[in-house]
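Engineer: Take the sequences, apply the hints, and build the full model.
One line per chain: the protein sequences are A and B, in this order.
For what it's worth, full-length UniProt numbering labels the leading residue of the first sequence as 1, then goes sequentially.
For what it's worth, full-length UniProt numbering labels the leading residue of the second sequence as 1, then goes sequentially.
A couple of the hints might just be wrong.
Sample of chain A residues at the chain B side, in silico, Cβ under 10 Å [what the hints assert, rightly or not]:
#, residue
1, Tyr-84
2, Pro-86
3, Gln-99
4, Asn-100
5, Lys-196
6, Leu-221
7, Lys-222
8, Gly-280
9, Ala-283
If you're looking for bench data, these hints aren't it; they were derived computationally from the structure.
By construction, the Cβ of each residue, glycine as well, lies at the ideal position given by its N, Cα and C atoms.
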Amino acid sequence: MSITRRGALGAAAVAAALTLGLAGCANSNTIGGGSSSSPASSGGATASGDAKSIVVGSANFGENEILGYIYGGALADKGYSVSYKPAIGARAAYLPALQNGEINLVPEYAGSLLSYLDKSANAKSGDAVKSGIDAKIGTLNAKALDFAEAADSDSLNVTASFAKEKGLTSIADLAKAGTVTLAANPEFATRPDGVKGLQSVYGLKNIKFKAINDGGGPTTLKALVSNQVQVADIYSTTPSIKQNKLVTLTDPKNLFASQQVVPIVSTSKATSDLESIVNGVSAKLTTADLLDLNTKASGSDKPDYQALAKAWLSEKGF
Amino acid sequence: MLFLQAIQWILDPEHWSEVNFQAGIAEELGDHLWLSFLAVVFTAAVALPIGLYIGHTGRGRGFAIVVANVVRAVPTLGLLSVLLLVSLTIPPAVFVFVLLGVPPLLAGAYAGLEAIDRQTIDASRAMGMTEWQILRRVELPLAAPLILGGLRGATLQIIASVTLVSNFGINSLGDFILGGLAANDYVQMTAGAILVTVLALLVDGLLAVLQRFATPRGVPRGRGASTARVRRLPVPNRAPVSEGN
Numbered sequence: 001m002s003i004t005r006r007g008a009l010g011a012a013a014v015a016a017a018l019t020l021g022l023a024g025c026a027n028s029n030t031i032g033g034g035s036s037s038s039p040a041s042s043g044g045a046t047a048s049g050d051a052k053s054i055v056v057g058s059a060n061f062g063e064n065e066i067l068g069y070i071y072g073g074a075l076a077d078k079g080y081s082v083s084y085k086p087a088i089g090a091r092a093a094y095l096p097a098l099q100n101g102e103i104n105l106v107p108e109y110a111g112s113l114l115s116y117l118d119k120s121a122n123a124k125s126g127d128a129v130k131s132g133i134d135a136k137i138g139t140l141n142a143k144a145l146d147f148a149e150a151a152d153s154d155s156l157n158v159t160a161s162f163a164k165e166k167g168l169t170s171i172a173d174l175a176k177a178g179t180v181t182l183a184a185n186p187e188f189a190t191r192p193d194g195v196k197g198l199q200s201v202y203g204l205k206n207i208k209f210k211a212i213n214d215g216g217g218p219t220t221l222k223a224l225v226s227n228q229v230q231v232a233d234i235y236s237t238t239p240s241i242k243q244n245k246l247v248t249l250t251d252p253k254n255l256f257a258s259q260q261v262v263p264i265v266s267t268s269k270a271t272s273d274l275e276s277i278v279n280g281v282s283a284k285l286t287t288a289d290l291l292d293l294n295t296k297a298s299g300s301d302k303p304d305y306q307a308l309a310k311a312w313l314s315e316k317g318f
Numbered sequence: 001m002l003f004l005q006a007i008q009w010i011l012d013p014e015h016w017s018e019v020n021f022q023a024g025i026a027e028e029l030g031d032h033l034w035l036s037f038l039a040v041v042f043t044a045a046v047a048l049p050i051g052l053y054i055g056h057t058g059r060g061r062g063f064a065i066v067v068a069n070v071v072r073a074v075p076t077l078g079l080l081s082v083l084l085l086v087s088l089t090i091p092p093a094v095f096v097f098v099l100l101g102v103p104p105l106l107a108g109a110y111a112g113l114e115a116i117d118r119q120t121i122d123a124s125r126a127m128g129m130t131e132w133q134i135l136r137r138v139e140l141p142l143a144a145p146l147i148l149g150g151l152r153g154a155t156l157q158i159i160a161s162v163t164l165v166s167n168f169g170i171n172s173l174g175d176f177i178l179g180g181l182a183a184n185d186y187v188q189m190t191a192g193a194i195l196v197t198v199l200a201l202l203v204d205g206l207l208a209v210l211q212r213f214a215t216p217r218g219v220p221r222g223r224g225a226s227t228a229r230v231r232r233l234p235v236p237n238r239a240p241v242s243e244g245n
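Structural biologist: Following this line, the structure appears as structure tokens:
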């Protein structure tokens, strides 16, 4: 933008260009029946063709990016040509990218994946979730590989003082806390296991929602400890929960499904060789590892995600 | 068609009170305007005195250009995320948007003053006007179109950028864009974009009207055809002021 804008024309043109840009952007996303999504498409190099070349995508939060680098790193060690599209966005952005072949592998979380694939799914246990996913994942032109033991679910957290004041231990107790504001990623407003689930499963009508777009990160934490929100959705493997003595509300009605890590891979790339490599990684991945990786990633020396993934791989003997 | 659906979305009265368990259009619009207003007011409070000082005295221009350009290189989103971690409130957000608004307004102010014919100023001085009178009664009216042009630029940029605070849980029209993106709801996303654009255009339009009224008679308005008509004497004109970049 130029420093000065002398005429109405210039300003209007800029604003109009902005409108057109935004509208055009949204349009291109719906032309494909609303299934294609832009964030990952910029690279242009889709990795169809050679089965040994893999594009690894990841969601836009640190743990998932590290997981992407771990799976990608293991494949690269075995002679695959691996490229990365890290931090693509929310599930609604990266799964369509997988579906249309812009990425080939993405680390997912079982329960959320299932509720994305099947809005009416109510499977909560690991096995039921697995068969639910297997039944539906074909629509993404992809295949779910073995679940890792590692799990990272959504968890609703309150400060210790708020929990004590209102006598909160489980999500159901929120009913007696008066009107509370809950902070989470924007998609929590529309997810079936988000605010809607709190209403239908727990009968909570006193929840106001505040979208904070950092995946339960530092801003969400700040909002919680400064009491701008009273409840925060923070992933259960986040170090800040312990560090700030937050109280994680138990989930007796299993609103949040089993969230084991499950890598999903394009059918066209799912050779038995690739599957055995990826499954080998998943077999060694534990929840403690996730917590450890997240703690390191949030450390003051801010290590590179890819370096963290490399360190984990060599530590586990890959 | 997406655009029409988005218009329908905006016209739906339900969306004015609540959208996905969050504030509706009315509240978000109000908060967006309030935050933008605060940012523009503080931008003016910072940039106008400095710009007028530089324009009137001719001192510190190079320094101001450097500072303004450095400030413009600051990534707004990054600075927001850092400052809002210190305090998740309105003031740090306003501060960031003031940084965004100062360069265009500052440039408008000093360029407006510098563009005034030196002979006019010399004549005023020769008439015995004090420096303050020259500034207030000669320079300010003559520079008003350019100053307001700078203000319009700053305002437009601020209104468009305020959407960013929605990333951090502060209300703005950006909530609809972010929420729509996260839920794959492109109708809502487009509606949010339209709301921001319409708001920016309306405010810009109001300022454009103000700019017209602020232009003294006989002063060419921007690039209007009147330039030729009002040119009175063939004075040796200074070259037009070149801008910072």
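Engineer: Of the hints given before, which are not true for this structure?
Structural biologist: Result: hints 1, 2, 3, 4, 8, 9 break, sorted rising.
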